[in-house]
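Peer 1: Residues per chain are reported as follows:
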Amino acid sequence: MNPNDPGVAPVREAELHAFIDGQLTSERQAELDLWLAQRPDEASRVEAYRSQKAALRALFDPVLDEPLPARLAAAARPRRQWHSLPAAAGFVLALLGGVAGWALHAGLTPAPAALAAAPTSATATATAAARASAFAQRAAIAHAVFSPEVRRPVEVDAAHEDQLVTWLSKRMGAPMKPPHLQSLGYALEGGRLLPGGQGPVAQFMYRDEAGQRLTLYVSNEVAELASPAGAASGTAFRFAREGQLNVFYWVEGRFGYALSAEADRNALAAVSEEVYRQLAAR
Amino acid sequence: MTPDGPAREQQLLTWLPRLRRYARALAGNREDADDLVQDTLLRAWSRPGLWGGVADVRAWLFAILHNLHVDAIRRSKITTVPLDEHTPEPPTPARQGERLAVLDLQGALDLLPAEQKEVILLVALEDMSYADIATLLSIPIGTVMSRLARGRERLRSLVEGRAEPVRLQVVK
Numbered sequence: 007m008n009p010n011d012p013g014v015a016p017v018r019e020a021e022l023h024a025f026i027d028g029q030l031t032s033e034r035q036a037e038l039d040l041w042l043a044q045r046p047d048e049a050s051r052v053e054a055y056r057s058q059k060a061a062l063r064a065l066f067d068p069v070l071d072e073p074l075p076a077r078l079a080a081a082a083r084p085r086r087q088w089h090s091l092p093a094a095a096g097f098v099l100a101l102l103g104g105v106a107g108w109a110l111h112a113g114l115t116p117a118p119a120a121l122a123a124a125p126t127s128a129t130a131t132a133t134a135a136a137r138a139s140a141f142a143q144r145a146a147i148a149h150a151v152f153s154p155e156v157r158r159p160v161e162v163d164a165a166h167e168d169q170l171v172t173w174l175s176k177r178m179g180a181p182m183k184p185p186h187l188q189s190l191g192y193a194l195e196g197g198r199l200l201p202g203g204q205g206p207v208a209q210f211m212y213r214d215e216a217g218q219r220l221t222l223y224v225s226n227e228v229a230e231l232a233s234p235a236g237a238a239s240g241t242a243f244r245f246a247r248e249g250q251l252n253v254f255y256w257v258e259g260r261f262g263y264a265l266s267a268e269a270d271r272n273a274l275a276a277v278s279e280e281v282y283r284q285l286a287a288r
Numbered sequence: 158m159t160p161d162g163p164a165r166e167q168q169l170l171t172w173l174p175r176l177r178r179y180a181r182a183l184a185g186n187r188e189d190a191d192d193l194v195q196d197t198l199l200r201a202w203s204r205p206g207l208w209g210g211v212a213d214v215r216a217w218l219f220a221i222l223h224n225l226h227v228d229a230i231r232r233s234k235i236t237t238v239p240l241d242e243h244t245p246e247p248p249t250p251a252r253q254g255e256r257l258a259v260l261d262l263q264g265a266l267d268l269l270p271a272e273q274k275e276v277i278l279l280v281a282l283e284d285m286s287y288a289d290i291a292t293l294l295s296i297p298i299g300t301v302m303s304r305l306a307r308g309r310e311r312l313r314s315l316v317e318g319r320a321e322p323v324r325l326q327v328v329k
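Chains A and B, in that order, are what the protein sequence lines are. Using my numbering, the first residue of the first sequence is number 7, and each one after it goes up by one. Using my numbering, the first residue of the second sequence is number 158, and each one after it goes up by one.
Watch out, some of these pointers could steer you wrong.
Stretch-level coverage of chain B by chain A, calculated; a stretch enters the list once three of its residues show a Cβ under 8 Å from a Cβ in chain A [said to hold, decoys possible]: (1) 170-176; (2) 182-193; (3) 213-220; (4) 291-305; (5) 308-318.
Calculated directly from the structure, the hints in this document are not laboratory data. Every residue, glycine too, gets a C-beta built ideally from N, C-alpha and C.
Whenever a hint applies, use it, and build me the whole structure from the sequences.
Peer 2: As C-alpha cells, then:
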C-alpha cells in the first residue's frame, strides 16, 4: 500500500485491465483514477492498453460492413427436414438393410417394372460389373490422392462456384452443378478436373465440420454400365470398400457417380440419397 | 418458447457480422475466418433442440465458434508434417538487436497464443464482461483476467518492437 493514498486498497494488475474495460464499480473506478494520477508509469501503460483496444476495433470493425458472402447467407437459412420425406427414409432403410443393387425409379416412386431385372446375357452383366468396379476404384484412388491435401485440395474453390460450374460443365459437355450437402453437414470446398479412362472426370470435394472429406466423382464414360433397359429403368446403387474408404456408386443417364469418404456406410448412404435426389430434381 | 425457423434465421443474421469480425481477427485471414463462421452456422442448425434453452444467442454462437477454432488448431497440429533432416533449413535471422522489428497489429496478434488472443478480442471487439467470457470459454474468471493481462502486455511489446515482453509484476 502506498502511504500517499491511505484509503486505497492495493491495486492488482487485473484491476488495471478491469479499469480500462469499465468493469469496476464506479467507486473503485474513481479510486484508480486518483491512484494512476500519481503513477505516470502505470498511467502510460494503461494508456497503451487503451489505445491498443481502440486500434483492434479500428482494424476489424470494417468487417462489419463487408457484404455477406452468399455461402454464409445460405448457411444461416433453416435446414430442410429431410427425414420428413417418406420416400427418402424408405430408401435409406433399404440401404441400411444391406440390400445390394437396390433399384430405385428416377421419380422416387415404387416401380415394380424397374425392380425386375431386365433380361441380359450373363456375359454382358459380368463385363458391366467389372467396369463398374474399375470405375469405383478410380474414384477411390482420386479420393485418396486429393483428400489429404491441406493447401490445394481443389483447383477451383467454392468461393468461385460459378466459375467452377462453368468450367467443369464446358469440359464435361453437360451441366455440372455440385449438389449442396450442408443439410448433411458437408460444405463444398470446390472441385477439380481429372483424367479418366478416355476423357475428363469431375471431382467435387466437400468437408464436414470435423474436417473429414467427401468427394463426388462424376464420369461420363460409364453410360454402358447402365442397365441394358436404359436410363428409364432405374438406378442401381452399389457399394465398395477400399481399406478405410467407403464408396457408393451408381449410374444415372449418361453419367456415373461415385461418393467416397471415410465416413461410415450408413452416413454415406444418406449422402448418396441426397445427392441422387438433387440430381434427379434437375 | 422455441423460435421457429425464420425467427432463428433472423437471429443468426443479426449476429453474423459480429461473428465474422471476431473470426477474422482470430483466424487472421478471410477464407479461414468465413469457414469458421460457416461451420458455426452449420453446427447451430444441427442442434436446433438447443435453441429453446439458449438465453444468450450471441454467447452461444461465440462458444460454438470457439470450440470449432480450438478443434481446428488441434487438428492442424496433428496434420503438420515435420521437416526431415534432408530438408534445407531456411536461414534464421539473427536474434540480436537488429531483430527488433516493429510489427503491425495484425502480425503481432497472429503471434499471440490463441487463448490470449481470444480473451483480448472478446473484450475489445465484443465488450464482453469478464464473467461472460469465463462462461463462454469454460474457464475461471481469474484465468480470463490473467490471460488478458499477459496477452495485452505481450501484444504491446510485439507492436513496440521489444524483443521480449516485460515481466509482469504485481503493482504495489
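Peer 1: So, for every hint listed, does it hold in this structure?
Peer 2: Evaluated hints:
For the segment 170-176 of chain B, the proposed coverage by chain A is satisfied: 4 residues have a C-beta within less than 8 Å of a C-beta in that chain, meeting the threshold of three. Given as covered by chain A, the segment 182-193 of chain B passes the check, having 4 residues with a CB less than 8 Å from a CB of that chain where 3 are the minimum. Proximity of the segment 213-220 of chain B to chain A, defined as three or more residues with a beta carbon under 8 Å from a beta carbon of that chain, is not established by the 0 residues found. As drawn, the segment 291-305 of chain B meets chain A at 4 residues by the rule of a beta-carbon pair under 8 Å; at three or more, the given contact holds.
Look at the segment 308-318 of chain B against chain A: 4 of its residues bring a Cβ nearer than 8 Å to a Cβ of that chain, three or more, so the hint holds.
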